[in-house]
Structure formats: C-alpha cells, structure tokens
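Asker: Now for the letters of each chain:
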Amino acid sequence: MVQTEGIRYWRDMRARYNLIGRRCGKCSRVYFPARSICLDCHRHSIGKMDPYKLQGRGTVSTFTIVHDGDPRFGVQVPYILALIQMEEGPRMTAQLVDIDPPQVTIGMRVHTVFRKIGTVHTEGVIHYGYKFAPDSMPHLRA
Amino acid sequence: MRDVAIVGAGTTKFGELWNDSLRDIGIQAGFAAIQDAKIESHDIDALYVGNMAAGRYIAQEHVAALITDYSGLSSRHISATRVEAACASGGVALHNAYLAVASGMYDTVVVGGAEKMTDATDAENTEILAASADAQWETFFGATFPALFAMMARAHMQEHGTTREQMAQVAVKNHAHGALNPNAQFQKEIDLDTVLNAGMVADPLGVFDCSPISDGGSALVLMPLEKALSHTKRPVIIRGSTIATDTLGLHARPKLTSMAATKVAGQRALTQAKKTIADIHLAELHDCFTIAELIALEDLGFVKAGEAGAAVAEGRFHLKGGQMPVNTSGGLKARGHPCGATGIAQVVEAVFQLQGRAGARQVKGATTALTHNVGGSGATVTVHVLEAT
Ligand SMILES: [Zn+2]
Chain A
31 MVQTEGIRYW RDMRARYNLI GRRCGKCSRV YFPARSICLD CHRHSIGKMD PYKLQGRGTV
91 STFTIVHDGD PRFGVQVPYI LALIQMEEGP RMTAQLVDID PPQVTIGMRV HTVFRKIGTV
151 HTEGVIHYGY KFAPDSMPHL RA
Chain B
10 MRDVAIVGAG TTKFGELWND SLRDIGIQAG FAAIQDAKIE SHDIDALYVG NMAAGRYIAQ
70 EHVAALITDY SGLSSRHISA TRVEAACASG GVALHNAYLA VASGMYDTVV VGGAEKMTDA
130 TDAENTEILA ASADAQWETF FGATFPALFA MMARAHMQEH GTTREQMAQV AVKNHAHGAL
190 NPNAQFQKEI DLDTVLNAGM VADPLGVFDC SPISDGGSAL VLMPLEKALS HTKRPVIIRG
250 STIATDTLGL HARPKLTSMA ATKVAGQRAL TQAKKTIADI HLAELHDCFT IAELIALEDL
310 GFVKAGEAGA AVAEGRFHLK GGQMPVNTSG GLKARGHPCG ATGIAQVVEA VFQLQGRAGA
370 RQVKGATTAL THNVGGSGAT VTVHVLEAT
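Read top to bottom, the protein sequences are chains A and B. Using our numbering, you'd call the opening residue of the first sequence number 31 and step up by one each time. Using our numbering, you'd call the opening residue of the second sequence number 10 and step up by one each time.
Quick caveat, the hints were computed from the structure, so don't treat them as lab data. Any given hint might turn out to be false.
[As the list claims (entries may be wrong)] Calculated cross-link-like contacts (lysine-lysine; reagent style DSSO-like; alpha-carbon spacing at most 27 angstroms):
hint: 1; chain 1: B; residue 1: Lys-284; chain 2: B; residue 2: Lys-47
hint: 2; chain 1: A; residue 1: Lys-56; chain 2: B; residue 2: Lys-264
hint: 3; chain 1: B; residue 1: Lys-284; chain 2: B; residue 2: Lys-373
hint: 4; chain 1: B; residue 1: Lys-313; chain 2: B; residue 2: Lys-373
hint: 5; chain 1: B; residue 1: Lys-242; chain 2: B; residue 2: Lys-283
hint: 6; chain 1: A; residue 1: Lys-83; chain 2: B; residue 2: Lys-264
Could you put together the complete structure from these sequences and hints?
Answerer: Structural data, given as structure tokens:
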C-alpha cells in the first residue's frame, strides 16, 4: 500500500464537496465527474469544457444493499448503494442515507447531503463527500 | 493476415492451490499446453501472460519475465509480455497473441493466464477486485463488484421482469456442469433453494450468485494454420478475435441492463468469422455473477433482450437436453475464476469440446464455439469464435 493512499483523494475534494462537473461548450452536455473531452463532440470540445455546478437533485436509477463491504466501508454495512440520475443529465454512484432499505424504490426523488464517506484503513484518514437522501420519507407521504 | 490455429491447450485445477505459488501455477499451465502441442521449449518465439493484480495479491510485478525465467527460457531471451485488463486480462492476452501470429511476426506463441487470489483474505479480495472499477468515482463511494452487478440485476428485474429464481437457475446449471469437470473448483451439484437461501452479498445477489475466489492458470499454444497440422490432427482455428471497450464507470453508460461492449465485440467477431449466432454450437460466457450470464446471452443475440431468464429456466442452455450448451466447464461460477486465467480457461474448454475430448461434458458434433470474457463491469469485453478442423 502506497503511503499517499488517503491523500490522493484530496485532489477531488473541491469537485466532490461542491458537485463541480463540466459542461461541453459545443453541445451543452453536462458531465460529472469532470471530463476534459466531450463523449459526443470529441476534439471539437477541447478547451470548451467549462466548470458546471450540479444542483444535487435526481432520481434513483437502480440500487443495491451491500452486505459484504470493502474494508474501507466495513463499519457501515449493510449500506445502500445507488446510481442517481441527476436532473442535469449525468448519473452518479453514491450511497443512500436517512432511509431504510425496504423503502427504497427505483424512480424515487433524492438530493445530496454532505457526509463522511469512508476511512482509509492504513492511515485512518477520513474522507467526506456526497451521499443522497430521499426528498420525502415514504412513510410520511402515506 | 495468416489464419491462426490452437495446437495445444492445458490448465491447472482451479480452486485453493495452497501448495502452489503464482509462478508454479503459470509454469504448470504452460507446460500442459506445450506437452499437448508436442513442441519443444526452443520452438517458442513469444509468451503472453494475462494477469490482473499480482502486484496487489502477492507483491510481485514483472510477471511475464518471471514466468519465462522459471520456465527455463531465460537463456533464449524470448519476447514476453504481461497483459492486464481486469478480469478480461486472459482474453486480451489471447487477442494480442493472435495478432502476433496472424501478422507473421511470430510462428509459435504460448499465451497463458494465471492468478493467485487465495493468499488474500475475503475483505482484501473485495478491495483488490474493486480497483477494476473507477477508483475515484465508484469504489471511493462504496462500490464493490457484487454491488455493481447487483445494480444491473435490479435494473434488469425492473425493466424485463427477470426474477431471482431465474438468475439462480444459472448457478444451478453451471454447478451441474462443473460436477462433470475434474479441474473445476466446485464439482458438486446444488439445488435452487441453496442459491435462494444463501446469505446476501449485494442484494439481490447472494453468495451463490457470485463466482468464487480462485487460484489457477490456463494456457494455449498458437501457430499459423499451415504449420499446425504437423503438430496435431485436430487444430482449432481462431476465426474471430475481438476486443471492445466502453466507459470505465457503470454510471456513465446509457443502458444498465446490457453491455454495449459485448454487443460490439460479439458482432465484430461473428463478422470476422463469417458466421451468425445460429452457427454457434456451444459457448463459454463470463458468468462472474448469475445476472452477467443472462445479460451476455441477450447481448450476443442468443435470445432477445429480456428473455434470457426464462430461456435458462427452460433448460435451453443446459448440457443435458439444451439446444446450445453454455458454460459446459462450469463457468466462472463452478470452474472457478482466477481472474487473469479465466479468458484462457474458457478457450481451453472450447478447444477440448471441438476436439472431442471433453469427457463427460462432451457436446456431440460441436464444430463452432464462442467465448466471451468481461473486464470490470463491462469496460472491456473480448469475444473469440473458434472452429474445429
Ligand atoms: Zn459536446
């Protein structure tokens, strides 16, 4: 294990804390995480991929309940991992919180919350970033 | 480009090979293939080795030179190349070996795959395997490989009505096949309830929906077809050999219930082979998780999208009574899944089948086979189309 295991994730801190992706200046397609080349416009997008802040709202595309975690997430199991379709277009991989697994449904509306993500076991460095929480609790809606 | 033939195939047993190191496993597999091909070590021009993560597993990089050296070939100074493409390392190594012979650069090439995974704990394995996903934007947030395939499974259930029982039937089928394979990690049949009642790894995938952690190695010897007949009466011709890629992250793909790279690699390989999917008599598909075999059956065109679950449950892909047996070796699920070896092991099984020496697993009259090897959650896919002579 490289000694900078925990430190290297600091490079993404600004994008991760503030949901900063990129938008293609040619076709307006939005990307998160950031890309420097648009998947549709290729070389015509180079130099035109401007920083773009996502609002943090989306819907659940699919999800799973993870029972066997990577050691970095060992204390969190079982946790809900989901792909979130963001309103601006990109899809993101993140955990769902503030909801019990049986209440999660595909298509449910969620928003980002700022949370502790995990601990790198070699050094105990704690990383923070986004998770998603439901817009309204299903049991309150009934 | 020259036609390329496989003149030798060999494999170690798969499973926990406690007494064998990575170099032992690589050498045993290579030696088995060389013996099968009836060549001498001084005939070998080049070696390609598929290996996913020896650096993480056993703190050993530079694996191609290592295996060449301990095979006794250091004084011959042959060309040796390690290939890494996650769990598709073996398939990608074979494609490179194929190109080396087809181009005319080399005449006799050994291509193998090997992985030593059982020295690591289950938790370490989860972490090492997860490194094949996007480390910064998937793994960092808690994605594991079972989790990524579980999310595809749930999307498939939602879109097509696929059930847990249908997925479980893949495991039941592949264990039934593995029971007939003396080199398989699991040589024991299991029933549907065993799969359904197993503990969850990543819902809706349980322990028996997942391929195991394995040690093992497999190897092939390739030659131009015109030279192959002097080594074997039954060379197997590589009619199609392709690699296709896609986004590294699952989240960046438009469709979650299909792998575009499988569709493209399959179509290109069939076009190259001048075949259609109806010409295929048996297939070894990448069933790292039960849902993966269903998605592969659909993407390769064996069934329409959404129909694989029902087709497997009906027995269409069973060795006994099926129309087109899939994973006669037991697949990744029962044969075992030493990552770097898998893409080669699939072809070893196809070669044994096409040469009529698959024993109790023999598919009668099979002349054309397809193998499908996936890296990550679908960012690399290789397909090979093989034909008996
Ligand atoms: Zn664009």
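Asker: The structure should be examined with respect to each hint, and the outcome stated for every one.
Answerer: For each hint, the structure was consulted:
no.: 1; hint: B:Lys-284 x B:Lys-47; verdict: violated (31 angstroms)
no.: 2; hint: A:Lys-56 x B:Lys-264; verdict: holds (24 angstroms)
no.: 3; hint: B:Lys-284 x B:Lys-373; verdict: holds (20 angstroms)
no.: 4; hint: B:Lys-313 x B:Lys-373; verdict: holds (26 angstroms)
no.: 5; hint: B:Lys-242 x B:Lys-283; verdict: holds (24 angstroms)
no.: 6; hint: A:Lys-83 x B:Lys-264; verdict: holds (25 angstroms)
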